[in-house]
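> Letter by letter, the chains look like this.
Number of protein chains: 2
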Amino acid sequence: MNDKTNLASIITIGDELLIGQTIDTNSAWMAQKLNAIGIWVHRRVAVGDGWDDIWTSLNEESAHSSIILITGGLGPTADDITKPLLCSYFGGSMITDPGALANVKHIFEIVLKRPMLDRNLRQADVPDVCTVIQNSRGTAPGMWFEKNGVIFVSMPGVPHEMKGMMEKDVLPSLQSRFQLPPVHHRTLLTAGIGESFLAERIKDFESALPENIKLAYLPNYGMVRLRLTGRGNDPDLDGEVDRQFQQLKDQVADVLVIDSDRTMQDVVGGLLREKKWTLATAESCTGGYLAHLLTSIPGSSDYYLGGVVSYANSVKTGMLGVASELISTHGAVSRETVEQMAIGVMRKLGADLAISTSGIMGPGGGSTEKPVGTVWIAVAYHDKVASQHFSFRFNRERNIELTAQNGLNMLRKMILSA
Amino acid sequence: MNDKTNLASIITIGDELLIGQTIDTNSAWMAQKLNAIGIWVHRRVAVGDGWDDIWTSLNEESAHSSIILITGGLGPTADDITKPLLCSYFGGSMITDPGALANVKHIFEIVLKRPMLDRNLRQADVPDVCTVIQNSRGTAPGMWFEKNGVIFVSMPGVPHEMKGMMEKDVLPSLQSRFQLPPVHHRTLLTAGIGESFLAERIKDFESALPENIKLAYLPNYGMVRLRLTGRGNDPDLDGEVDRQFQQLKDQVADVLVIDSDRTMQDVVGGLLREKKWTLATAESCTGGYLAHLLTSIPGSSDYYLGGVVSYANSVKTGMLGVASELISTHGAVSRETVEQMAIGVMRKLGADLAISTSGIMGPGGGSTEKPVGTVWIAVAYHDKVASQHFSFRFNRERNIELTAQNGLNMLRKMILSA
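Read top to bottom, the protein sequences are chains A and B.
With my numbering, the residue at position 149 of the first sequence is 288, and numbering never jumps.
With my numbering, the residue at position 304 of the second sequence is 443, and numbering never jumps.
One chain only, chain A, in its complex shape (with noise of 0.2 Å):
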């Protein structure tokens, strides 16, 4: 058993999580956050909502880890079993806590307007062990216990409360607690070159790292991100890790795509503000998607104007200016048509640049000439278009998500390139 000091596990409650009805997002967004402190995260258990399987857990990860982080089982209903088993489990009695019976209050009297159920007013209830964390975004209070030197916090499972606590509480007190080193991660993106061609190319830097520092891949749609973590309390690591990761910059520079960790949605936006340049979008195969992706960047009005979704032809004759004949002869995935889709949506809306997405995403619609995976790409920058041909072979979810992300970095060298 290694030595669990500044070792994290989180534990989720739920069946809904059990049976796949619902994804975890919680414990990606509480592990960035407790590793960005130092604490580790080296266990991530999920457990149903039954009593043996939650106290077993308990048992396990205190032997594993000196904190768990526990989410989940803490709504008014009754599949909700984890407030009276913490109760049992740290050996104390329910009290009402008059902070979180003031909150619970609160929330009905003055936000939500409604009546409140005797339910309602239990959720301020809570064991006599325990130390309480407001919740100041809902009426489920967390809960903080300690048991032979080991910390345990229970949070409700709503993403935004358990964010909202996280912040305000967990995650300061956990850092004027421990003495924690700090962990040193610097990522950067490739695209264009697979994982193990990479791993070819950069073999003689990875064995030559030093032990404190670690590298790795994670291939995603099409691209590779390469990581590099350095752990431990060496006062000169986050200048090592800085020297490393100039050397590996250098050996890929041919293909790489930015040198931190961030969305192509981002690194394009960033660029498009920098240039102060505005984007229009035309998407027929993405349906939406692409416009999503740039609208999820908070501030992303400042450079992205808009875009039609041209979904039917009519739509790419009518609002983009496509003419009939030439979706006619050459079809509606081709390079003529994005090509004229992107340049009739710059026109349109007075953009300085324009992307522009047709293709046959599945499970339907595919033909020998054009099988599904088909898809054509166009970006515009003023009198200036390129447009690229894909053959991706996957599940319309992933063909329309590596539709955009080779979209959004086709737009990039654009931006760059123009």
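It is possible that part of the hints are untrue.
Which copy? The list can't say, so a pair holds if one copy fits it or any two copies do.
Stated by the list, open to error - Straight-line alpha carbon distances no greater than 25 Å define the calculated BS3-like cross-link-like pairs of lysine-lysine that follow:
| no. | residue 1 | residue 2 |
| --- | --- | --- |
| 1 | 509 | 252 |
| 2 | 342 | 252 |
| 3 | 353 | 143 |
| 4 | 342 | 244 |
| 5 | 172 | 353 |
| 6 | 172 | 143 |
Bear in mind the hints are in silico, worked out from the structure with no lab data behind them.
Dock chain B against the given chain A, drawing on the hints supplied.
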């Protein structure tokens, strides 16, 4: 300790899951599929790329479950240690599998048309104590081990590769191997009632449920899913779950959206297909996300024509025909503007129905009069228009999702009442 028959654990391997760089979507999919054939996933564990962590998790999970499904850690690069570990754990030696080798060669020579590296060939190496599961979608084979009556299956972490193996090999093998009592789920979706009020309304129903049927509350985006789950070998269980489900439906009839586990975009798409009506979208604050949800459904081009992402006001006036005086008088986020947007896009695209959104998603852009979370949504059907005001109080991502879900629900009601 419970009897572990028909109980499964999922182990996911990879530091990227623990530092929060990747969200695990595999486990939810696997749990759903296993559940459908009567295998209950009662634990999911994520561990990093460390030898001891993986080894410990194999020991622990085999004490909890008779089926252990493992994903990740099988890539061609040096941070992957799973295969040698499994070889040592099950006491085998590495051999080259001829089928897997032929597959790797096929993929490089025929599909990728790229030269092969030694590390690609080594993907065909497997411990001689496993049954190989061929990977039709990638280079890393899966491996099936058995030890002390426990089955261990190791698969790649790439979702579409894992899914291919599960569907073609793993699920059929598990089904033929065990006598599996089916799990019966019935799910319905409610909107417009809080979790605690719903619980209060159906508490007598819930407490009268037979022991082998459980009720769960799954709140999400302002709606609550209710799920009945029946487990066990009672031959009439399926019928009993049906009868209970009918009772439940009667009790929530006024807030019922749909009596199956479907997404709102799927429900709306089904209604449009049935009515043979076409739909157009005009999105400001949702920035293409509504279009994306609609077009994520295969075959949506049968009823969805397309739309306009009118992020800038100039696009609202230029492409949708919203009068600029109307925007300057009432603002872009107003009943007047969203109604004109919906009518405008419906006319321009010649659609039967339209939906439009305008709001302030945050974190910036709010004012005292119109704080972050202020949203207007309109739906139109020929000469009928309905609009509604919402106040969300969350972060950008959640505000966008809530706007889209509430918009789809308004669209659903408009279709049903038109």
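> Work down the list of hints and note, for each, if the structure agrees.
Hints, one by one, checked against the model:
1. When the C-alpha separation of residue 509 and residue 252 is checked against a cutoff of 25 Å, the pair qualifies only between copies, where the shortest distance is 20 Å, while the shortest distance within a copy is 57 Å.
2. Only between protomers do residue 342 and residue 252 lie at most 25 Å apart by alpha-carbon distance; the minimum there is 23 Å, versus 62 Å within a single protomer.
3. With identical chains, the CA atoms of residue 353 and residue 143 are at most 25 Å apart within one copy only, with a shortest distance of 20 Å there and 38 Å across copies.
4. When the C-alpha separation of residue 342 and residue 244 is checked against a cutoff of 25 Å, the pair qualifies only between copies, where the shortest distance is 23 Å, while the shortest distance within a copy is 61 Å.
5. Proximity of residue 172 and residue 353 under a CA criterion of 25 Å is satisfied intra-copy only: 20 Å inside one chain copy versus 35 Å between copies.
6. Taking the shortest Cα distances, residue 172 and residue 143 sit within 25 Å of each other inside one copy (19 Å), while across copies they are farther apart (35 Å).
The structure meets every hint from the earlier list without exception.
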